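Novice: Single-letter residue listing:
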Amino acid sequence: MRTLNRTQIQRFSGIILSLLFLMPLGGRTIYVGETQVVKSIKAGIQTAKPGDTVLVEGGLYKEGNLIINKSIALIGKNQPVLDGENQYEIITLSGKNICVSGFKFLNSGASAMNDFASIKCIDATSVLVSDNIIVNAYFAIHISNTIDAQVKNNIIEGHSKSEQNTGNGIHLWKCNHAMIVGNQISGHRDGIYFEFVTESQIQNNYSTKNIRYGLHFMFSHNDFYSHNDFKNNGAGVAVMYSHNVQMENNTFEDNWGASAYGILLKDISDSKIQANYFIRNTVGIHMEGSSRMVVEKNKFQDNGWALKVQASCNDNQFQFNNFTGNTFDVATNGTMMLNTFTSNYWDKYEGYDLNKDSYGDIPYHPVSMYAMIVEENPVCLILLRSILISILDKAEKAIPSITPENLVDEKPKMIPNRI
Amino acid sequence: MIEVQSLHKRFKKTIALNEISASFQKGQVVSLIGPNGSGKTTLIKCILGMVKPDEGQILLEGKNILSDDQYRSRIGYMPQIGRYPDHMKVGQIFKLLKNLRNHTKSVVDEELIQTYGLDSISDKSMRTLSGGTRQKVSAAIAFLFSPEILILDEPTAGLDPLASELLKEKIQKEKNNDKLILITSHILSDLDDLTTHVLYLQEGNIEFSGDMGNLRKITGEQKFEKAIAELMKAKGN
Amino acid sequence: MFKLSKYILYDIIRNKVILAYTGFLLLVSLLLFNLEENSSKAILSLLNIQLITIPLISMIFSTIHYYNSYEFIEMLLAQPISRTKVLFCEYLSTGISLVLALLIGMGIPVLLYSSGETGFTLILTGIGLTLACTSLAYWAAVKSRDKARGIGIVLLLWFYFALIYDGIVMMLLFTFSDYPLEKFTLVLTAFNPIDLARVSIMLKMDVSALMGYTGALYKDFFGSSTGIFFTGGIMLLWILLPLYLAMRSFGKKDL
Chain Z
1 MRTLNRTQIQ RFSGIILSLL FLMPLGGRTI YVGETQVVKS IKAGIQTAKP
51 GDTVLVEGGL YKEGNLIINK SIALIGKNQP VLDGENQYEI ITLSGKNICV
101 SGFKFLNSGA SAMNDFASIK CIDATSVLVS DNIIVNAYFA IHISNTIDAQ
151 VKNNIIEGHS KSEQNTGNGI HLWKCNHAMI VGNQISGHRD GIYFEFVTES
201 QIQNNYSTKN IRYGLHFMFS HNDFYSHNDF KNNGAGVAVM YSHNVQMENN
251 TFEDNWGASA YGILLKDISD SKIQANYFIR NTVGIHMEGS SRMVVEKNKF
301 QDNGWALKVQ ASCNDNQFQF NNFTGNTFDV ATNGTMMLNT FTSNYWDKYE
351 GYDLNKDSYG DIPYHPVSMY AMIVEENPVC LILLRSILIS ILDKAEKAIP
401 SITPENLVDE KPKMIPNRI
Chain F
1 MIEVQSLHKR FKKTIALNEI SASFQKGQVV SLIGPNGSGK TTLIKCILGM
51 VKPDEGQILL EGKNILSDDQ YRSRIGYMPQ IGRYPDHMKV GQIFKLLKNL
101 RNHTKSVVDE ELIQTYGLDS ISDKSMRTLS GGTRQKVSAA IAFLFSPEIL
151 ILDEPTAGLD PLASELLKEK IQKEKNNDKL ILITSHILSD LDDLTTHVLY
201 LQEGNIEFSG DMGNLRKITG EQKFEKAIAE LMKAKGN
Chain C
1 MFKLSKYILY DIIRNKVILA YTGFLLLVSL LLFNLEENSS KAILSLLNIQ
51 LITIPLISMI FSTIHYYNSY EFIEMLLAQP ISRTKVLFCE YLSTGISLVL
101 ALLIGMGIPV LLYSSGETGF TLILTGIGLT LACTSLAYWA AVKSRDKARG
151 IGIVLLLWFY FALIYDGIVM MLLFTFSDYP LEKFTLVLTA FNPIDLARVS
201 IMLKMDVSAL MGYTGALYKD FFGSSTGIFF TGGIMLLWIL LPLYLAMRSF
251 GKKDL
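Chains as they are written, first to last, in the numbering used here: chain Z, 1 to 419; chain F, 1 to 237; chain C, 1 to 255.
Treat the hints as calculated values from the structure; they're not laboratory data.
Beyond 10 Å from chain Z on every Cβ pair, some chain C residues (computed):
hint : residue
1    : Tyr67
2    : Ser82
3    : Ala148
4    : Ile153
5    : Ser225
Derived DSBU-like pairs: lysine-lysine, alpha-carbon spacing no greater than 35 Å straight-line:
hint : chain 1 : residue 1 : chain 2 : residue 2
6    : F       : Lys233    : F       : Lys217
7    : Z       : Lys397    : C       : Lys183
8    : F       : Lys95     : C       : Lys147
9    : F       : Lys26     : F       : Lys173
10   : F       : Lys98     : C       : Lys143
11   : Z       : Lys266    : Z       : Lys299
12   : Z       : Lys174    : Z       : Lys70
13   : C       : Lys6      : F       : Lys63
14   : F       : Lys124    : C       : Lys147
15   : F       : Lys124    : C       : Lys6
As the structure is a computational prediction, the values presented were derived from the model and not from experiment. Where a beta carbon is used, it is the ideal one built from N, C-alpha and C, also for glycine.
Go ahead and model the full structure; you've got the sequences and the hints to work with.
Specialist: Here it is, written out as structure tokens:
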């Protein structure tokens, strides 16, 4: 959303200039275009030597599969179009110090066997893929076994409606020190896919309307993602089987569906979820098998369930969060609770603060009886807001019987935490 | 004018009207008398179409009254107890009825409104009126459209003697205008001078039906009150 | 005919109960909007009031009004006017006065503080609920000659629709939890006007939750235009059917 507002030309010209300065000094520039001596990109790449720049002028190029395996910069001027004619992988690159920037990729081929991508990067070091527009790809950007991959300011647009017919927008496998910054991804299977990716960052991306996850994260440790906006993805964001992941200042919104989550956390440990904004998700955070997490200073607003904490979670800390307008604040599937809730603001809290220390004097139990009932028998959702339910909830509050007694915020805040 | 033909009505187990037949003509003042629960009010309500008989029928000039509601435009009715919406004003009630009756077609007779002085309290709401004044309103409503048939259910019950006297004068006047007037009453002396015919009901059966001359002849009493008492005595034995 | 309604309405809107009801709704609505930190929470509390108070007041007031008007109705029936017309006018005036009370007491505050889709739905379903409950009350009142009995029946009806019915639904859902009951629950809501109102508002207020496991079906159904027609149609049926039965029974009965 943030990046959408800027005009492309402004952005591109600025970045291209900085790229030119970054490239190794002394390189030549090979011009490719209809009016130039070199007419085809393939020929341009062939003549280029490490350190050279291949500058492609605007126009339509149908050259099948381009292979880059030397340290060159392939740069499009006026957004030249590379058409894969629905059968080719457009660029395949490997090596080090390679840059692909400023192109529009159309119709790269789809193949379930080969994971065709618009830009595929294998076994590389220091790769920059920036300012491209990728439309109607199977995989858009596919990076594997690469160190220091930078994927910046690309616009990726898929048109597929089903999970089988498309790959991921930005797909990373077995990488480290990657930077995924300022991209817009929509209409793919997963917007951003991380598997075995470590020491990497995901920032300022906007991932929306992807068929499965906006961000899919597995076996990827020591990563950091912040200021991203994940909106209206089929199943929200999944972070699984990882440890030491920092998630900060992201927005998770409008992820609606039977199994859609702001974030699905599965087997995550020693990670931090801080200052994120969860709004209008079916489930804000769904947590299972996770431990030693700190969830703090997040805003949960108008979600179906702000938190679903399964009994398999322990030693997690939920503090200084604000819960407002959620249908259910917390749900759980067991009666044991080994997590700590403290100093959160709950808009459903009805206590008082006689000693004026800004904390309510009586503890708050965020799991309602009805939340337990719905957990057990989801069809009962039809009784939501029924007077019967209000009475049951009130009765349960007075004499707790089925809600977990130790799931309690001992120090609920009277006014929202400042975030 | 009104022909009651073998009317039969039962409420659950009690028989309210048992094969009643009678006929009422213009210029008659008919007294419906009988002890409580004898079927007087039921008969009146049948004529007004409020109670539907199980068997038999009522004809108004040869036409079954249940065939349409318009026949009631020829009837003025004064109920035993008049209760009106609390916040409706006296004037509004008359206005409402004029609207309902489409009064442009018929002559409006506001004599009782004037004699009872109801026009001066037309801005008062019904809630503030005494029971007697409400009865006056009821009486005025019954006569308002100078109907051919007047049905008065215990008309003098709640009225003070003066108002009662005025009402009787009005009834007399309408009698002279050749109207049919049906009155139920248990205050016998009230009806003395007016009654031309008597219908005496007991437990749903007609025990006596005929004109005053006839009644006097049978009972040998000149005064109406005594004649009725005589009749009751005779039936009691 | 509408003239008669006009006169009756003139009387009812001066009724202390109606004035108190309007005042109560107005006071509570304004208080809620001013005290709660956000308007959606106020709407939520208003919903609870709506589901309890509107049916209760509508039903009791209509019943008592009917019995209190009995003699007046008799007087009207001595005029050349049909029974169904008289009863319909009484119904219309009662319904309109209760709806007016709702519009002033709840509609104006909602318009001032939270004039979104949820607020609009709240008022609209409130109107439907008022008219449906008035219909039910008229039916019950016409059916029973005795005032105490009539009020008793109406109280039971309220208790049933507001509370017992949901209890029965919950019991059914747990008893038959092994079967797919999603569609069945949709049918169940149709048999209770209070549930119907509740579900309509819930669909505006708790979309996120409803998009969950079973919710998607509800959302697909109620959120679609057929669903809106279905909800509206069933609510209309709840208004018209008891009214029709009341008028039919009133046409036949002995007064």
